[in-house]
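Residues 75 to 430 (the working numbering) are what the sequence shown spells out, left to right.
Hints listed in this document are in silico derivations from the structure and should not be mistaken for laboratory results.
Heads up, a few of these hints could be off.
20 Å max Cα-Cα, derived DMTMM-like pairs, lysine to aspartate or glutamate [claimed, not checked]:
| no. | residue 1 | residue 2 |
| --- | --- | --- |
| 1 | Lys-259 | Asp-218 |
| 2 | Lys-172 | Glu-207 |
| 3 | Lys-259 | Asp-150 |
| 4 | Lys-172 | Asp-220 |
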Amino acid sequence: AAIISISAAAAQASATTSADRGNLPANELVVYSGDQHGGPAVITSEAALEAARTAVQGIATTIGASTPTALQQAIDPSGPDVLTGGGVRGKPPAALVKVTRVANGIDEELIATLYVATPELLRYEGIDPATIEPAADVLTPRHDLDGTEIGAGRRTTLAPSFHQLDLPAYTSQPTTMITTAAMTKLGLQPTTVAWALRTGTSLTQAQIDAASRAAAAAGLSIETRSSPVSYGQLRTDSTAIGVLVALGVLAMTVGLIRSETAGDVRTLSATGASSHTRRTITGATAGALGLLGGVLGLLGAYLAMLAWHHGKLSSLTHPPIVDLLVIVVGLPMIAAAGGWLLAGAEPPAIARAPLT
């Protein structure tokens with residue numbers, strides 16, 4: 075019982091802390107020039123860029139997507155180079171950052187990636203350029219960007235003027251954009267880093283796999299919607315296996331108790347107790363042991379989970395009710411029923427007193 079209680083509680087906590095990040099809509103896919111999402115923007119040659127465009131068009135054809143939309147980021151051409159994860163030099167792109175003043179300068183925390191608000195991207199997102207405020211520096215559907223600044227990669231920042239967009243706030247969708255006016259203020263230039271693709275329906279796993287293979291063959295990488303990790307099946311399987319293990323332990327325990335009380339059973343038989351009485355006694359014993367084991371196991375499991383998640387108790391606010399009921403109600407009932415069914419007429423070996 076303790077085993078299944080811990081399994082159910084742990085799976086519940088894991089499922090609670092693992093949430094869908096909502097990176098992209100289910101029908102969108104972004105192809106990056108290399109593995110650059112959130113990293114430095116690599117300035118490639120025109121020939122390499124054209125080869126990438128061709129590969130992206132092939133991916134779009136494979137998954138039945140619309141014409142790819144180029145995504146650009148803003149960089150400081152005179153700024154220092156930094157290394158990407160693959161060891162390639164690139165320029166830090168402009169991004170929204172939280173700036174903290176420290177003794178020897180400033181510390182920047184990345185909050186949101188910025189893409190250049192090109193006419194092509196605005197059209198892709200269904201935004202009418204005429205509706206944008208002329209003084210806006212950043213276009214975004216997000217409402218959690220107060221206090222952020224545009225970091226331009228050379229410790230130069232700008233407190234932006236925001237224009238709110240009426241779009242879903244997916245964190246990886248290119249809907250948080252820097253305007254050309256802000257780029258001019260900071261002396262930034264655009265460079266193509268990715269392409270956005272959109273299909274008429276949600277992408278299937280087969281389409282994602284095909285796009286991933288094609289991108290890898292061309293030295294590109296893709297990002298799709300991150301699906302939430304489901305621990306429901308794991309929790310169910312753990313509960314089922316645990317119940318079987320607990321019933322096995324209960325069977326051995328009840329068998330041991332019955333062997334130790336064989337004399338009492340013979341006394342009951344001698345005084346006229348029916349098989350129904352013997353079944354009832356065995357069933358009640360098994361049910362009581364099952365209930366005790368389930369309750370103690372559940373309490374022990376949640377004490378362990380409380381100690382583990384003491385800093386974030388919200389992880390335990392959505393208990394797996396069905397699995398817990400199986401443990402504290404279903405297990406005793408199954409044990410009682412099994413004990414009642416298997417405790418029929420006593421074998422001759424213990425129906426009579428042993429000869430001495």
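The hints, checked one at a time:
Using a Cα cut-off of 20 Å, the hinted pair Lys-259 and Asp-218 is violated, with the two alpha carbons roughly 24 Å apart. Restraint check for Lys-172 and Glu-207: not satisfied, since their Cα atoms lie roughly 24 Å apart, outside the 20 Å limit. At roughly 12 Å between alpha-carbon atoms, Lys-259 and Asp-150 fall within 20 Å of each other, so this suggested pair holds. Between Lys-172 and Asp-220, the direct Cα distance comes to roughly 9 Å. Compliance with the 20 Å bound is thereby established for this hinted pair.
Taken one by one, the earlier hints fail for this structure at numbers 1, 2, listed in ascending order.
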